[in-house]
Amino acid sequence: MGLVYFILIGLVLATVCTLLILRLKKHNKKLVKLLEHTNEKLERLQIHFGRFTPEEVIEHLTDSDSAYQPTMRSVTVLFADLKGFTRMCDEMEPSDVVGILNGYFRCMSQVLSKNHGQVTELIGDGILSLFGALRNNPWQVQDAVMAALEMREALEEYNKELKDRGFPELSFGIGIHKGRVLAGVMGNYELSKFGVVGDPINVAARVEALTREHNTDILITDDIKNDLDDRFILKKMPPLLVKGKSEPITTYTVEGLKKK
Amino acid sequence: MGLLINEIEWGDPTISVFHDAEWEAEIKADIGQIPDIHTRTSRSPWLRRTVLKWPRYEAQEFPTKLADICGLVAAQENACRYCYGVAKSWMRLWGYSEKMIKNIEHNVQLADMNEKERAFIRFCRNLSRSNPRPPKKDREELLRLGYSPMAVAEMAFVIVNHCFMNRVCTFISAPPMASLERLPNSLLGKIFRPLIGKKLRSIGWTESTNIEGDPESFPGVVQKLIGLPAAKAMHDALNGALESDTLSRKLKVLMFAVVANTLNCEFCMAETHDMALNCGFSEEEFKTALATLSSSHLNEKEESLLAWTRETIHFQNASIQSRVRELTQEVGEPMMLEAIGVASLANSTVRLAVLLG
Chain A
1 MGLVYFILIG LVLATVCTLL ILRLKKHNKK LVKLLEHTNE KLERLQIHFG
51 RFTPEEVIEH LTDSDSAYQP TMRSVTVLFA DLKGFTRMCD EMEPSDVVGI
101 LNGYFRCMSQ VLSKNHGQVT ELIGDGILSL FGALRNNPWQ VQDAVMAALE
151 MREALEEYNK ELKDRGFPEL SFGIGIHKGR VLAGVMGNYE LSKFGVVGDP
201 INVAARVEAL TREHNTDILI TDDIKNDLDD RFILKKMPPL LVKGKSEPIT
251 TYTVEGLKKK
Chain B
1001 MGLLINEIEW GDPTISVFHD AEWEAEIKAD IGQIPDIHTR TSRSPWLRRT
1051 VLKWPRYEAQ EFPTKLADIC GLVAAQENAC RYCYGVAKSW MRLWGYSEKM
1101 IKNIEHNVQL ADMNEKERAF IRFCRNLSRS NPRPPKKDRE ELLRLGYSPM
1151 AVAEMAFVIV NHCFMNRVCT FISAPPMASL ERLPNSLLGK IFRPLIGKKL
1201 RSIGWTESTN IEGDPESFPG VVQKLIGLPA AKAMHDALNG ALESDTLSRK
1251 LKVLMFAVVA NTLNCEFCMA ETHDMALNCG FSEEEFKTAL ATLSSSHLNE
1301 KEESLLAWTR ETIHFQNASI QSRVRELTQE VGEPMMLEAI GVASLANSTV
1351 RLAVLLG
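Note that the protein sequences, when read in sequence, are chains A and B. So in the numbering used here, the last one in the first sequence is 260, and the numbering has no gaps at all. So in the numbering used here, the last one in the second sequence is 1357, and the numbering has no gaps at all.
Hints are all accurate, no fakes.
For the chain A half of the interface with chain B, some residues (derived, Cβ under 10 Å), not all of them:
#1 Glu-43
#2 His-116
#3 Arg-135
#4 Asn-136
#5 Pro-138
These are computed hints drawn from the structure, not numbers from a lab. Built from N, CA and C at the ideal position, the CB exists for glycine as well.
All chains should be built: construct the whole structure from the sequences, respecting the hints.
Printed below as a string of structure tokens:
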């Protein structure tokens, strides 16, 4: 009787244990599935987020516990802006304007990326691009000027396409300057973004505005000229005062590359 | 996290197969078969030998399991489709579970591993990446966790050794080894897995001869590896690359200097500066060559290769492979292959120096 009792108790215990193990296994399987699903979601989010913020910043934010520390960096700033675009907006269908603008951004971004530039911001019809912001780049000044020259060629090509489609041609101004900027994730809890601030950004924008005064398309500052080698054909422009500066700024227009 | 194997862009080969009967017999005697990559690198004596030996380097100072994982992580971080397929297949044939491989690939659920192993994987990922620079704090973390300085130096060598292979195979766009990749899941593979795994282990390579000469005369990065078989392996590869006459020594020194400057490695910048002055550049010429990526000491083809070196540091597969294809047309296969080897070696050397220098 005692033996049967012990066998029964043993059987009951074994059954309970098996049921428990099975339940835990099921639970574990569920957790693994949930984890995989969450992981997939995170990967998708990383990919989409990559369109708004540099990959390196995303990796830092997802891999580390610490916030992205703002840093001062020496960069070359290229600011490009379309001329007469506001008027074009008033005269054309909004969908056409957006289509033209998107095509322009696509062409210019390709040229900038090819020349190691990083498109940091699109401000209306303006493009802010940095060279040497995320990676050490000893050739950042040359890269920026080469990018500007290739942007000029790319715009010519794009204008042919626009002309064929019956749209007006575009023209732009480009300002290039260099200096130290503060890069980091800026904003508040509800809305923040990776961005850069500093005087070189403002100067590049002001120099771009001078392209209208000097009736040219690419202008660089003295600091850029001093770092360029002799491959580039430059023409000195008369110094002009710009907003926010007490002294007039000397700029140079980049005409092209010397033949070898 | 890097891309997964089926997400990697991969084009047609940029360098064609070149048959060298003597070399093929040597490969067959060594590893029993002739994988495609060895026939594409066969034109360059130092490169083909490095490609044959380095991926089979047997770590002496740290566990084999970590060395196995290293190949997978480096290939994934560098998005090398060829090496990724090989590393994944080898791991399966060595007996690692599909689940474990998947967890490493996704960089998740690494709870089965201990802290030292997780720190190693982190180190491996960071050193394999081209940006940011390899962080020294990762090395310090490994030392803190109890690995010896020698073990960490060898880990770094094994990682950059894989990075070297990743670059060579990516620039050549070596066709993935489809038959090897199918093997772990095939019936034969499943039945004979232990045997195949054992055979694979048996072709491991370690440098058995010691490095000869005055250690002071060795390149700085080799000096940091003295005491490990890796020192001789690194020394032979660097010597082979610099002594080869397919490209001029001046171009090769500049290629190393370009990588050193981009990765901001002061140790290598100083070494390449001295090497440049020793091979005939004046101070000013060297400075100008680096600033403009052109020099009166180089011909037009060499200038194209020097400018291309920049692209080998941080790259997207599609664009680098298409650029290599264009350049191969311009400079010819022998020069391009040599440049692929030198640029890949420069990237690995400088990364190692940033960490150990």
